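Chemist: Listed below are the residues making up each chain.
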Amino acid sequence: MALQEKLTKTAALTGNEAAAQAMRQIHPDVVAAYPITPQTEIVQLYSTFVNDGIVHTEYVAVESEHSALSATIGAAAAGARSMTATSSNGLAYMWEMLYIAAGLRLPIVMPVVNRALSGPINIHCDHSDTMGARDAGWIQIYSENAQEMYDNLIQAVRIAENPDIMLPVMVTMDGFIISHGMENVELLPDRAVEEFIGEYRYPYALLDIENPRTIGPLTLQDFYFEHKRAQADAVVKAKTVILKVGEEYGQLTDRSYELIESYRMEDAEYALVVLGSTAGTAKYVIDELRQDGEKYGLVKIRVCRPFPAVRLGEVLSRVTAVGVMDRADSFSGEGGPIFAEVRAALYGVSHRPHCINYIYGLGGRDIGPDLIRSAALDIKSLKDGSESDSLVRYLGVRE
Amino acid sequence: MTNMLEIRWHGRGGQGAKTAALLLAEAAAAAGKHVQAFPEYGPERMGAPVVSYNRISDTPITLHSAVLSPGYVAVLDPTFIGSIDFTAGMPENGALLVNTDTPALQLRERLGLQNDSIKVYTIDATGISEANIGRPIPNTSMLGAMVAVAQVMELDDLLQDTERRLEKKFHDRPRLIQGNLAAITQAYKEVECR
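Residue numbers (our numbering), protein chains in the order written: chain A, 1 to 399; chain B, 1 to 194.
Honestly, the hints are just simulated from the structure, not real lab data. Hints should not be assumed to be uniformly reliable.
Claimed, not checked - Here's a subset of chain A near chain B, in silico, CB distances under 8 Å, partners left out:
#	residue
1	180
2	332
3	333
As the list claims (entries may be wrong) - Not close to chain A: a few residues of chain B, all C-beta gaps over 10 Å, as computed:
#	residue
4	22
5	34
6	39
7	83
8	167
9	176
Keep in mind it's a predicted model, so treat the numbers as computed, not measured. Note that CB positions come from ideal geometry on N, CA and C, so glycine has one too.
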């Protein structure tokens, strides 16, 4: 215990402060960023660290998010450890550059503070921004609280820069709920983070003038497909790397991480699938239901890209019914993005549970224990055939 | 979770309701508690009504939803009386702390409180702040009073941590630090209950 105290420091920090502290300890060579609510505080704090000489990062104040990611891509290709951060419409404005960062296999780490996309304009949390970017080729890690945001950012560096992976990683937290909420956070000593992430050596640096290279040239019918095939292969390999890094991080902090978190699933008959801050509130509800003798469990999706389909199939094939909670609609007419993917993951299992969708919390609409409990009790009433009337249900909305 | 404190702060933009919640969370965390502090973000303007919240517990807090039934409510601006229902969602035996120079008994009547189980505490936080800091910013005085009312922690622990926070913010203005600490102490001691 005494050793633990010496090694770590507990502080009360907002999610944004925790993210800025992680960035300070990661100490990237270049940060290029543009402020947007609710991410602003991260880059504001980071620019203060630069101004005060606490970090020796080249800080590039750009005029838009498109430029922020473009400059970050340029710096990463030159061989610098590079980061940026954004939210919502800022992420949308990065759109074409997201695919370029991934296609060029640049290990950029980017905090994204989840905020609803316009319109109508809204500054509060939902997952429409990053869910829309889920096929851009980035690894996506979702955080439940400020501690996880900090932990995930540090792990993301190791994941992104692994020579077998070389992919950009976005690490998300829920806007305002986590970004502006203060909680207890355990920080590692600077030195421990430095050692954990290791020295950065980008093997294909443009500034390595002894070994001149071309990055991002035109590839047509001849090679484009091979690039994409290799990219797809790296995403699959990322699962193993994410697990290895999560385990190693656990040895350092007593907080190990997997692709998903199973909460009270051992003997569960019913399960909710959730990601982000709502997983915490749902754990509170699961505890209450368990006290009443109801066999409920929770599966939190931490890593959404690569999608942990096999793990979800293993865990969920043991239950009778699953409620998948989506904080975004995909407007397919068939429910939210996580619902579609969880259902697909269940197609191959021998025992398929009932599976329905709850869309909730759009634009920051509060999602409290009562609403989650109502969804949990709702899935208990599912019987064969009962799903056909309404597979997709909306929680806490005026109809 | 039964021993979890939930607090709601009502103020106007600029009075420091958000800062009060943050300072309380930081001090309680330093005293070994699990904490949350979060403001309710709407259109932010100087003078507009703002609300912020705390959760404080001896065990980890996983809830990430709004505080709907706070056991403690602090009102930083007495001019809200009559226009905002501070007691909304308050459970039996809740405690309402109001910044006012009106005696608690009189305030109780003015509020027309139906629920007898809600305790009403008053403190002239604006007066205390003006006397000690030279400014009518009532948040640190209200913080001191709230810590006394909700028995969050010892006064010394609160002063020690708050001094550290204020040193960062006002490192070039030491008189502001001492003034705020004096205001916290006075409010902690003088808060009146009816």
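Chemist: So, for every hint listed, does it hold in this structure?
Modeler: Right, here's what the structure says about each hint:
1. 180: holds (6 Å)
2. 332: violated (28 Å)
3. 333: violated (29 Å)
4. 22: violated (6 Å)
5. 34: violated (6 Å)
6. 39: violated (7 Å)
7. 83: holds (23 Å)
8. 167: holds (15 Å)
9. 176: Nearest chain A Cβ is 21 Å from residue 176 of chain B, so the label holds.
The structure is inconsistent with the numbered hints 2, 3, 4, 5, 6, although it conforms to all the rest.
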